[in-house]
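Guided by the hints, dock chain Z onto chain L, whose structure is given.
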Amino acid sequence: MEFFDLKSGIGVFSKVTLYTEPEELLKIMYDYSIKKSIVYHSLSREISPVEGNKILLEKIKNYKNLIPYFVLLPKNSGDIDNFEKYIEEGVENGVRCFWITYNTFKIPLSHYFFSGTFDILNTFKIPVIIDPTIPFSGWQTDSGDWYSIRLLFDKYNDLPIIFTEFRTRFHIRIVIDFLKSYKNFYYDIGSCWNYKVVEKLVEIKNGENLVIGTNLPFSDPGQSIGMLLTSDIPVEIKKKIGYENLEKIINKDG
Amino acid sequence: MDKLKEKFLRGEKLEIELYDIHAHIGGYNRDYLIFDGESEKIVIEMERLNIKKAIVMPLGVYVTEWFYQNEKLINVCKKYSEKFVGFCLVNLNSPERVIEKEIDRCRKEGIKGIKLIAAYQNCENVDKKTEFICEYANHYKLPILNHYWGRPEFLEKIVNKYPDVWYICGHFSFIWKDIVNNYDNIYLCTCNYLEFGTVEKMVKEIRNDRICWGSDFSDLHFGFTLGPILLSSISDDIKRKILSENTKNLIEKYCK
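Protein sequences appear in the order of chains L and Z.
Going by our numbering, the first sequence opens with residue 1, and the numbers climb by one from there.
Going by our numbering, the second sequence opens with residue 1001, and the numbers climb by one from there.
Just so you know, the hints here were simulated from the structure itself, not pulled from any lab data.
Ideal placement from N, C-alpha and C gives every residue a C-beta, glycine not left out.
Just to be clear, a hint being listed does not mean it is correct.
As the list claims (entries may be wrong) - Simulated coverage check for chain Z against chain L, where a stretch passes if three residues somewhere in it have a Cβ under 8 Å from a Cβ of chain L: (1) 1059 to 1068; (2) 1222 to 1236.
Unchecked claim - Calculated Cβ distances over 10 Å to all of chain Z for the following chain L residues: (3) S33; (4) S42; (5) S48.
Extracted from the complex, chain L is given alone in its bound form (with noise of 0.2 Å):
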């Protein structure tokens, strides 16, 4: 079986981890039968998504099974002179997914919401992940802002949009209404580890709305891959989950 991972990085990062090259996520990649990853850089992450994604962009550029994701900073943040523009260069240059973690800088989502930036992605439909993890800190679990999410599937029904985090524990109940509430509301089953926690959100919506992210290169991939093979679900639905649901959201328009 073959993995569409959703949530991969390269880069030196504060954290020494095990690789830092493309090339070398390739290999990694490859011995987990991990096809495609939507790869982001560790200074976007870290420091300033202005920097980090032009660089991504460059490092990235000869390898068709990484793609790029754009972290992103507000509209009006002062960061980008033009948003609309740096957003679709983004595009043109192959991005296909944009990347909101905004605990990281300290900004709202709901600011996100009221300051425009998501008028302008709402024009691309380009899959859109909200992500409020920083990774090792106090903000690694349940830690979504679900009225803000709230605020943007009421306003955009059909962009899609990512919930990811690191873990998903006692919010797994706000997740479920989530799913069954939204058409366009996407959930990275590699965020929650409860047990038969697949098994079951498969039954809200036949597995359509979920996708795998690793988190690499922090986590170990075998816990969400194990998860998924693990599952006593239909074949053709961890297919969908694994690789088919993300590719099919990342090639709508793009």
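For chain Z alone, kept in the frame of chain L given last:
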């Protein structure tokens, strides 16, 4: 690629009988929904994944109604004696005489070991209370699985003081490396969030006959703990030890 990894990636059934050193039954938890947590369904799931036997403890680790929870455990272990080996839950906030009476009761009902998890119980004087449990377990030569033994120095002290206890570190950490390597009666459960590369480092640095797979069901998904071992680059022989042989030996020898 080793056979176990290859088969696992292909979604084939593993021809290996699994033994699980750390699991829970009970059906309910404050923190989140327990899906299919009924014992009958868990047994079916164990059969599906070829899990021969599991050491099980009550799921309600906050120890509310701990006598009731132990009673549920006793009944399930009696009903599925071929699948479950029960370790009773202890409320370390209770007086020592109450604790002793409850463990005595559980033992008479077939419970084979003790589970400690002071971290979830707002407990004071944890070391003193833990020593009391170890003294008891030493007398009866019982195994104890502790969620967290505290400092390695503390564990080493009680291992020397109470050498007839079988100590199980409930969650993996490299802080237990030296003590597991230096004593014969300490087992290390693999269950924890694992960073990339942990399994390979684990088997390189820690004696392989004391590393035991723990799923932490029905708290965690089986795949969350099986995946890192089965997909790691360690040999199939070591995978078999971790997933099967080590815990099988522990249960057969010390959980009679």
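To see whether the hints hold, each was checked on the structure:
Only residues whose C-beta sits within less than 8 Å of a C-beta in chain L count toward coverage, and the region 1059 to 1068 of chain Z has 0 of them, not enough to reach three; the restraint is violated. Against chain L, the region 1222 to 1236 of chain Z contributes 12 residues with a C-beta closer than 8 Å to a partner C-beta. That satisfies the three-residue criterion, and the hint holds. A beta-carbon of chain Z comes within 10 Å of the beta-carbon of L/S33; the shortest separation is about 5 Å. Chain Z leaves L/S42 outside its interface by the beta-carbon criterion, the shortest separation being 15 Å against a cut-off of 10 Å.
Separation of L/S48 from chain Z is adequate, the least Cβ-Cβ distance of about 25 Å exceeding the 10 Å criterion.
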